[in-house]
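Colleague: Listed below are the residues making up each chain.
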Amino acid sequence: MNYMELLGALAPEAIVVLTALVALAVDLLVLRQAPQNARQVVAVSITAVGILAAIIALSVAAPSPPWMDGLLINHSTTAFLKQTLLVLALVAGILSIQSRFTQHTGEYVTLLLLSTVGMMLLVSSDNLLLMFVALELTSLPLYVLTAFNKESPSSSEASLKYFLIGSLSAACLLFGISLLYGLSGGITWTQLATTLRAGSEPIVYLALILTLIGFAFKVAAAPFHLWAPDVYQGAPTPVAAFIASGSKIASFYMFARIFMAALPGTAGSAAWSGATPGWVPLVAALAVVSMILGNVAAIAQRSVKRLLAYSAIGHAGYALLAILSNTEQGMGSLLYYVVTYAVTAMGAFAVVNVIERDVQAPNGESLTDFAGLSRRSPLLSLCLLVFVLSLAGIPPLAGFFGKFYIFIATAQSGTSQGLIWLVMLAIGTSAISLYYYLQILKQVYVVESVGQPTPVQLRPAESACIVAMACTVLILGCAPNWLINRFSPNSTEVRRAGVITKPSTTLELAAEIHPRITAPLGTATGLVQKRPQFETTTANAQ
Amino acid sequence: MPTLPDLLFYALAGFTLLFGFLCVANPFSRNPVTSAMFLVLTIISMAGLFVLLQAFFLAAVQVLVYAGAVMVLFLFVIMLLDIKEEERRRLNKAALGIGGVAVLAIAGLLVRALVQATPLASAAGQRAEGSTKPLGRLLFTEYLLPFEILSVLLLVAMVGVILLSKKEMK
Numbered sequence: 001m002n003y004m005e006l007l008g009a010l011a012p013e014a015i016v017v018l019t020a021l022v023a024l025a026v027d028l029l030v031l032r033q034a035p036q037n038a039r040q041v042v043a044v045s046i047t048a049v050g051i052l053a054a055i056i057a058l059s060v061a062a063p064s065p066p067w068m069d070g071l072l073i074n075h076s077t078t079a080f081l082k083q084t085l086l087v088l089a090l091v092a093g094i095l096s097i098q099s100r101f102t103q104h105t106g107e108y109v110t111l112l113l114l115s116t117v118g119m120m121l122l123v124s125s126d127n128l129l130l131m132f133v134a135l136e137l138t139s140l141p142l143y144v145l146t147a148f149n150k151e152s153p154s155s156s157e158a159s160l161k162y163f164l165i166g167s168l169s170a171a172c173l174l175f176g177i178s179l180l181y182g183l184s185g186g187i188t189w190t191q192l193a194t195t196l197r198a199g200s201e202p203i204v205y206l207a208l209i210l211t212l213i214g215f216a217f218k219v220a221a222a223p224f225h226l227w228a229p230d231v232y233q234g235a236p237t238p239v240a241a242f243i244a245s246g247s248k249i250a251s252f253y254m255f256a257r258i259f260m261a262a263l264p265g266t267a268g269s270a271a272w273s274g275a276t277p278g279w280v281p282l283v284a285a286l287a288v289v290s291m292i293l294g295n296v297a298a299i300a301q302r303s304v305k306r307l308l309a310y311s312a313i314g315h316a317g318y319a320l321l322a323i324l325s326n327t328e329q330g331m332g333s334l335l336y337y338v339v340t341y342a343v344t345a346m347g348a349f350a351v352v353n354v355i356e357r358d359v360q361a362p363n364g365e366s367l368t369d370f371a372g373l374s375r376r377s378p379l380l381s382l383c384l385l386v387f388v389l390s391l392a393g394i395p396p397l398a399g400f401f402g403k404f405y406i407f408i409a410t411a412q413s414g415t416s417q418g419l420i421w422l423v424m425l426a427i428g429t430s431a432i433s434l435y436y437y438l439q440i441l442k443q444v445y446v447v448e449s450v451g452q453p454t455p456v457q458l459r460p461a462e463s464a465c466i467v468a469m470a471c472t473v474l475i476l477g478c479a480p481n482w483l484i485n486r487f488s489p490n491s492t493e494v495r496r497a498g499v500i501t502k503p504s505t506t507l508e509l510a511a512e513i514h515p516r517i518t519a520p521l522g523t524a525t526g527l528v529q530k531r532p533q534f535e536t537t538t539a540n541a542q
Numbered sequence: 001m002p003t004l005p006d007l008l009f010y011a012l013a014g015f016t017l018l019f020g021f022l023c024v025a026n027p028f029s030r031n032p033v034t035s036a037m038f039l040v041l042t043i044i045s046m047a048g049l050f051v052l053l054q055a056f057f058l059a060a061v062q063v064l065v066y067a068g069a070v071m072v073l074f075l076f077v078i079m080l081l082d083i084k085e086e087e088r089r090r091l092n093k094a095a096l097g098i099g100g101v102a103v104l105a106i107a108g109l110l111v112r113a114l115v116q117a118t119p120l121a122s123a124a125g126q127r128a129e130g131s132t133k134p135l136g137r138l139l140f141t142e143y144l145l146p147f148e149i150l151s152v153l154l155l156v157a158m159v160g161v162i163l164l165s166k167k168e169m170k
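Residue numbers (the numbering used here), protein chains in the order written: chain A, 1 to 542; chain B, 1 to 170.
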């Protein structure tokens, strides 16, 4: 064990922590008397430099083997996810320029970056201990960031709710993972995977449920979603955007990894006929409730931020389908889905941010503030059109392929299409969701604005970000292979830890429908056709 | 025939639960200072549990840091803010019902697990040595990374508290 090796493996995280400290020091020591706008520009510029350096460090870093007996793991998938997280953090920083929710720019940027460090570590962590610490480092800055707007009571209320519910969920998670540790005697995924089997101990199920509750809070899956609408509405919009995008990617990846890689022996089945106990039926229950409640409750919302919150709950339901498919293909489709969803949600919140600044209403924006936007800013409305249609899952945008891959992966995973009922339900709720997404577009394109339409004030950096995200959504939708291929071949660590993959049955059927789209899925499943061997960990016995 | 450590375990675990309950839902007093004092007793009972597990360092830290330093701060805050007796809140019947069902479900699962459980053949892993030296060695070698991340976490807590408690100047 070598400290330099540790620093080398964690160079990108170290760079981001340093950037956070430099931004804080510069803002508090040098720029105290400077005007607010200059401070914001300097803080975000420092952030941009640091993030760029970290992204470069990530792209040149050689993939290291599971490090220190399963403490950290670095490979091309984690590097890509970390780069995505860093870019999202930078966008959240840029969105905050010229916003009036706080005067503490240095602290804002610092907490944003430190939360990103937590997410990066979460993506890399390979055992329960590091996972929990990283999860706390992700959440704690987000609680504070939610309360940043001190003039708005709803910001403080949202933060308190988020903090209390988050602590409770952390307690549940800690209880669950302490039981897992007690049952297996190990904290790494491999140690857990080799010892835990369904049916051996009834307390395994309690551990599974408690762990699941902890993660369900983090990804805002119903019925553990109650914090989400208040936080999305009460938090400053750039913060809400970051909660909706960055923390979703990191939490879903960890959610999938802990269950797929560490607990494959306790999976069970959620097939319509012949369900067996395990975590898969539990995740299926969460997915069903999330999909129905998220999409139905969104219809009644009048605030776009609240509407996006309920839509996020619905989307969490779809992503849970990918997790319960419990295959490598499911993992690939999950990552494609959460990455594209994160970009889309960030974009939608960026547009809401502009509108909110424009309206200056004391209670935040509402759906009617978007009326006649197409005449006030054609560019902004076009971007919003792209984001909203992608969220609704309209081809050829990225959201469509995200859902498509997930549905294919889920339908294929059960034996003799036992999970097809979940896919049917998901398609049904997607159809419902179209209604409220089109409500937004109706306001933008059909309804006339009250009074004379004035052009919306857009800043160059902000509009560049929004246009870039809209283009990303469009490009990822037109060429989904590029992204999904990044994820499919190299989730090797999942296979190493023994994810049980089922032979594909509907793949041929899907390939007949559209050979080009399913080609990458074919290669993905082709890789995992052979049954994985469980590695006997000698480390455990020593 | 239960041995002495077993009896001590049940006694201390019972005290922890009892004092913990009295800390949050004391039927005799709604005074925050009383709650804080029961929290001290809870923490001390937990320190006793750590001693039974031979984690002497953790037990000492539990008493010194939590029962000592943190609780003094708690009392300072309670007295400085002059928090009066807490009012009894009107409970929401629906929330109470749903919460009750959830609690009963989890409790039922726990009881079922306890009833069906077989004594674990391999008492999970090797017994951790809890004295200061091996613990420090582990923290600074094998688990250095989580330990260092905690320092970043403390920085976040510090920045957050200063920011949230500071008065906004216009």
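FYI, nobody ran anything at the bench for these hints, they're computed from the structure.
The reader is advised that the hints may include incorrect statements.
As the list claims (entries may be wrong) - Lysine-lysine pairs mimicking BS3-like chemistry, simulated, CA-CA at most 27 angstroms apart:
1) Lys-161(A) <-> Lys-93(B)
2) Lys-161(A) <-> Lys-167(B)
3) Lys-442(A) <-> Lys-84(B)
4) Lys-133(B) <-> Lys-161(A)
Unchecked claim - Only part of the chain A face toward chain B is listed, based on derived beta-carbon distances under 7 angstroms:
5) Leu-130
6) Val-144
7) Ala-147
8) Pro-202
9) Leu-434
10) Val-450
11) Gln-452
12) Val-456
C-beta: ideal position from N, C-alpha, C; glycine also.
Colleague: With reference to the structure, classify each hint as holding or not holding.
Modeller: How the hints compare with the structure:
no., hint, verdict
1, Lys-161(A) <-> Lys-93(B), "20 angstroms, holds"
2, Lys-161(A) <-> Lys-167(B), "22 angstroms, holds"
3, Lys-442(A) <-> Lys-84(B), "53 angstroms, violated"
4, Lys-133(B) <-> Lys-161(A), "41 angstroms, violated"
5, Leu-130, "5 angstroms, holds"
6, Val-144, "4 angstroms, holds"
7, Ala-147, "6 angstroms, holds"
8, Pro-202, "4 angstroms, holds"
9, Leu-434, "31 angstroms, violated"
10, Val-450, "32 angstroms, violated"
11, Gln-452, "33 angstroms, violated"
12, Val-456, "28 angstroms, violated"
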